[in-house]
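Since chain H is already given, all that's left is putting chain F with the ligand on it; use the hints.
Read top to bottom, the protein sequences are chains H and F.
Just so you know, we're using this note's numbering here: the first sequence kicks off at 1 and counts up by one.
Just so you know, we're using this note's numbering here: the second sequence kicks off at 1001 and counts up by one.
Calculated from the structure, these hints are not laboratory results.
As the structure is a prediction and not an experimental result, all values here were calculated from the model.
Hints may be right or wrong, so weigh each one.
What the hints assert, rightly or not - Here are the simulated BS3-like cross-link-like pairs (lysine-lysine), alpha carbons at most 25 Å apart as the crow flies:
1) H:Lys-14 / H:Lys-43
2) H:Lys-2 / F:Lys-1008
3) F:Lys-1008 / H:Lys-248
4) H:Lys-43 / H:Lys-248
5) H:Lys-14 / F:Lys-1064
6) H:Lys-2 / F:Lys-1064
Stated by the list, open to error - Which chain F residues face chain H? A few, computed with CB under 8 Å, are given here:
7) Ala-1027
8) Ala-1036
9) Pro-1039
10) Ala-1041
11) Gly-1044
12) Leu-1058
13) Asp-1059
14) Ala-1063
To be verified - The following label-pair restraints were derived from C-beta to C-beta distances:
15) F:Lys-1031 / H:Gly-109: 23 to 33 Å
16) H:Gln-156 / F:Arg-1023: 15 to 25 Å
17) F:Glu-1062 / H:Tyr-358: 27 to 37 Å
18) H:Asn-279 / F:Ala-1027: 35 to 45 Å
19) H:Pro-10 / F:Val-1005: 15 to 25 Å
20) F:Val-1029 / H:Gln-156: 26 to 36 Å
For glycine and all other residues, C-beta sits at the position ideal for the given N, C-alpha and C.
As a plain string of letters, each chain reads:
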Amino acid sequence: MKFVDEFRDPQRVKQWVQAIQEITTQPWTIMEVCGGQTHSIIKHGLDQLLPESINLIHGPGCPVCVTPIAYIDKALSIAQEEDVILCSFGDMLRVPGSQDDLLSLKSLGADIRIVYSPLDALVLAEQNPDKKIVFFAVGFETTAPTCAMAVYQAKQRGLTNFYMLACHVRVPPVMQALLDAPDNTVQGFLGAGHVCSIMGYHEYPPISAQYQIPIVVTGFEPVDILQGLFLCIQQLERGEASVENQYKRVVTEQGNLPAQQLMKEVYQVLDRQWRGLGNIAQSGFALSDEYAAWNAEMHFSVADIQSNESRECRSGEILKGLIKPAQCPAFNTRCTPEHPLGATMVSSEGACAAYYHYRRYQND
Amino acid sequence: MCLAVPGKILSMTDADALSRMGRIDFAGVVKEVSLAYVPEAEIGDYVIVHAGFAISVLDQEEAKQSLLAFAEMDAQED
Ligand code: SF4
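Chain H on its own, in the form it takes in the complex:
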């Protein structure tokens, strides 16, 4: 496949691994921010090819994993209302809420549907004028503009039976929150390539300078990740801290301006709760007041829902890089993708799911 195979070429992978070995003189701890990168690293066994002194921490860039349980509970509550069709991305259906998950509710008869694109939810609204279509929208800056377009179009077309339950999150504030934490161990970041394809990377130089930390915007294929790691380790070894872009074929410094413009039109930035990480200032997007008529939280009474996290799930520590999934006592025992205790075991980008699918029988 063009622009894929070249970036998975075993010969190139070998060369980059060797280049990393040659420049590494001491231990370094590097976080890949995006869950897509985590998945690629574990699937291709890249962490096992690296020198032992390089510790990769799997970051919080899995939107399904960090969506607070309160929002799952809100979605569950809305889905039980009459005349509602609740739709969301597939991964969200199995994420455990306080009591239940959407998939079990669906098996009991609730009208819950999986959509591939937010625009599919709009089509549902047009086809079912006597129903209320609620789109449960989660995701980082990559997904936020796709959902913004759905709401924008709903307003343009005068659709009054379409609502969005929006829980979008932003990457730069969580990177900063991780660096501010007293138990932080991260020394360098691989920046999330597709988030940056939307937002660019002009938000990163101040973070890199303030915390004296290298940030390398990186893609998703094995060669991308190894090249990103090489650039990051090179900076660390030289005592430098700057922002570099490994993923130039997709990411520019300014990012995708039409997408940013529409997000500005539809969203406001606000504080958000992250599952396992707590409240982070200015870390989320919500619908702006102008779009209140399409905001599910305004239309349905979901404000007072009480939520309880599983006490056993240690995904918060995993998202901060303090433990690896196999170190959670519930991993592959009481917690499996069929019976997950936490969202990191459900999502295709979750670290626990990646270890389960590719490393279950191996002691890490």
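What follows is chain F with the ligand alone, placed relative to chain H:
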């Protein structure tokens, strides 16, 4: 959600920029996606697609350059 591979634009509709749709070929699997966020895209371009939207046009020259990076790095060290 972010493991997107690039696909090639086979054709596109004539609609205004925000409603423009394209047929994208992902190594044989063809999908209909919104081109609202890539107004500069042309037929034959490769795009990264996320949740039904093309979010970036792949810069083929940069792709070549990044594959050459290794050779260049070797040359620098010599
Ligand atoms: S293995 Fe399960 S319980 Fe343990 S941290 Fe992961 S999701 Fe939570």
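Going through the hints against the structure:
Annotation: proposed proximity of Lys-14 (chain H) to Lys-43 (chain H) holds, straight-line Cα distance about 16 Å (limit 25 Å). At most 25 Å may separate the alpha-carbon atoms for a hinted pair to count; Lys-2 (chain H) and Lys-1008 (chain F) meet this at roughly 9 Å. As the CA atoms of Lys-1008 (chain F) and Lys-248 (chain H) are separated by approximately 18 Å, the hinted pair is consistent with the 25 Å bound. For the hint linking Lys-43 (chain H) to Lys-248 (chain H), the alpha-carbon distance of about 24 Å falls within 25 Å, and the restraint holds.
Of the pairs offered as hints, the one joining Lys-14 (chain H) and Lys-1064 (chain F) holds, with about 19 Å between alpha carbons and a cut-off of 25 Å not exceeded. For the hint pairing Lys-2 (chain H) with Lys-1064 (chain F), the CA-to-CA distance comes to about 12 Å; that is within 25 Å, so the pair holds. About 4 Å separates the beta-carbon of Ala-1027 (chain F) from the nearest beta-carbon of chain H, less than 8 Å, and the hint is met. With a cut of 8 Å, the hint placing Ala-1036 (chain F) at the interface with chain H holds, because the nearest CB-to-CB distance is about 6 Å.
Against a cut-off of 8 Å between C-beta atoms, the interface hint on Pro-1039 (chain F) holds, since the closest Cβ of chain H lies about 6 Å away. A distance limit of 8 Å between C-beta atoms decides the matter here; for Ala-1041 (chain F) the minimum to chain H is near 11 Å, and the interface restraint is violated. For Gly-1044 (chain F), the interface hint is violated, since its Cβ never comes within 8 Å of a Cβ in chain H; the closest pair sits about 12 Å apart. The restraint placing Leu-1058 (chain F) at the interface with chain H holds, with a minimum CB-CB distance near 5 Å, inside the 8 Å limit.
A cut of 8 Å between beta carbons decides the hint on Asp-1059 (chain F): the least distance to chain H is about 5 Å, and the hint holds. A least Cβ separation of about 4 Å between Ala-1063 (chain F) and chain H falls short of the 8 Å threshold, and the interface hint therefore holds. Taking the beta carbon of each, Lys-1031 (chain F) and Gly-109 (chain H) are about 31 Å apart, inside 23 to 33 Å as hinted. For Gln-156 (chain H) and Arg-1023 (chain F), the Cβ-Cβ distance of about 24 Å falls inside the hinted range of 15 to 25 Å, so the restraint holds.
For the pair Glu-1062 (chain F) and Tyr-358 (chain H), the supplied restraint of 27 to 37 Å holds, since their beta-carbon distance comes to about 30 Å. Between Asn-279 (chain H) and Ala-1027 (chain F) the beta carbon distance is about 43 Å. The supplied range of 35 to 45 Å therefore holds. For Pro-10 (chain H) paired with Val-1005 (chain F), a C-beta distance near 18 Å keeps the hint of 15 to 25 Å intact. A hinted range of 26 to 36 Å holds for the C-beta pair Val-1029 (chain F) and Gln-156 (chain H), which are about 30 Å apart.
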